[in-house]
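2 protein chains.
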Amino acid sequence: MSETFLLPEGHGLIRRANRADVPEIVRLLADDPLGQTREAFTDPLPESYYRAFEAIEADPNQFLAVVEQGGRVVGTFQLSFIPGLSRQGAWRAQLEAMRIEYSLRKQGLGQVVMEWAMEYAKARGCTLMQLTTDKTRKDAHRFYQRLGFISSHEGMKLKL
Amino acid sequence: MSETFLLPEGHGLIRRANRADVPEIVRLLADDPLGQTREAFTDPLPESYYRAFEAIEADPNQFLAVVEQGGRVVGTFQLSFIPGLSRQGAWRAQLEAMRIEYSLRKQGLGQVVMEWAMEYAKARGCTLMQLTTDKTRKDAHRFYQRLGFISSHEGMKLKL
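Going down the list, the protein sequences come from chains E and W.
Its first residue numbered 56, the first sequence is counted upward by one per residue in our numbering.
Its first residue numbered 56, the second sequence is counted upward by one per residue in our numbering.
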């Protein structure tokens with residue numbers, strides 16, 4: 056398995072997700088007040104999840120990660136590396152769909168994972184990391200602010 | 056020139072940007088209260104802008120557009136098409152670096168351009184469009200809200 060990264064302090068490892076991880080990732084996305092209304096964690100999973108996984112895997116500017124502890128998937132996030140002319144041609148890393156297993160929260164795992172993601176984005180040449188988080192997720196806001204994120208922007212969405 | 060799209064009501068056309076457009080795009084990015092502190096609109100332009108253009112052009116999930124009227128570049132935006140597992144494997148279109156020439160604002164051009172972008176994103180299979188806009192850009196918030204965008208998220212940024 057290529058691209059496996061050991062986390063400090065016994066927090067497990069981070070690696071690029073493979074197809075067999077898709078159900079566990081969807082489980083994490085669905086185990087959430089907002090996610091449970093949007094996802095379909097069924098057996099078998101809707102084929103749309105696998106099509107999305109293939110699109111992610113085919114795009115070298117996407118990094119879908121799982122966090123693993125003792126062989127179990129306990130977290131996930133996706134980084135999108137976006138080239139742009141703004142800010143003198145800066146690459147930005149966008150974080151989407153970050154989830155840590157409920158039972159493991161408040162133990163520092165999220166912070167270690169984010170610190171890893173920030174280092175990885177820097178190593179990929181990004182000078183900015185960005186994310187949007189639902190205005191109802193007050194805990195998440197505090198979590199990201201502690202890491203240095205600034206709530207400088209309105210995050211706007213439109214269903215097409 | 057491939058991928059040229061005529062806008063309705065004499066608003067000009069939208070086309071994929073080419074390398075020769077880079078200085079005009081940077082001019083638009085720099086002609087802005089926030090952009091003027093971040094961009095370097097010099098002659099010659101910093102090489103970093105051209106490297107960024109090449110990265111955009113090499114990525115089939117990026118669409119950097121210019122809006123043209125009578126042969127002049129009067130607007131620009133970038134769409135990033137992002138595959139993800141969330142929302143049952145939905146593709147999302149992210150809008151970045153949208154600018155319309157100051158002298159042409161409040162004439163409906165921005166709205167026509169956004170309506171085009173929404174149709175294009177739908178045709179690319181996206182079910183969600185998203186953007187972040189600086190909290191100080193109150194006019195932009197109203198503009199996007201009129202188009203149906205919901206300010207549901209905090210947009211957070213971190214310099215790496």
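Please keep in mind that the hints were generated in silico from the structure rather than gathered at the bench.
These figures come from a predicted structure and were not determined experimentally.
A couple of the hints might just be wrong.
Which copy is meant is left open, because identical chains are indistinguishable; a pair holds if it fits in one copy or across any two.
[Claimed, not checked] The calculated DSS-like cross-link candidates involving lysine-lysine, where the alpha carbons are at most 25 angstroms apart (straight line), are: (1) K214 x K177; (2) K161 x K212; (3) K212 x K177; (4) K161 x K193; (5) K190 x K161; (6) K212 x K190.
For the identical chains here, do K161 and K212 meet the 25 angstroms Cα criterion within one copy, between copies, both, or neither? between (29 angstroms within a copy, 23 angstroms between copies)
Taking 25 angstroms as the upper bound on the Cα-Cα distance, should K161 and K193 be classified as within, between, both, or neither? within (14 angstroms within a copy, 36 angstroms between copies)
Which holds for K212 with K177 at a C-alpha limit of 25 angstroms: within a copy, between copies, both or neither? Classified as between; 14 angstroms across copies, 27 angstroms inside a copy.
Within a copy, between copies, both or neither: which one fits K214 and K177 at a CA-CA cutoff of 25 angstroms? Intra 32 angstroms, inter 10 angstroms, cutoff 25 angstroms: inter-copy only.
For the identical chains here, do K212 and K190 meet the 25 angstroms Cα criterion within one copy, between copies, both, or neither? both (12 angstroms within a copy, 15 angstroms between copies)
Intra- versus inter-copy proximity for K161 and K190 (alpha-carbon distance at most 25 angstroms): within (20 angstroms within a copy, 30 angstroms between copies)
This entry satisfies every hint, going by the numbered hints stated previously.
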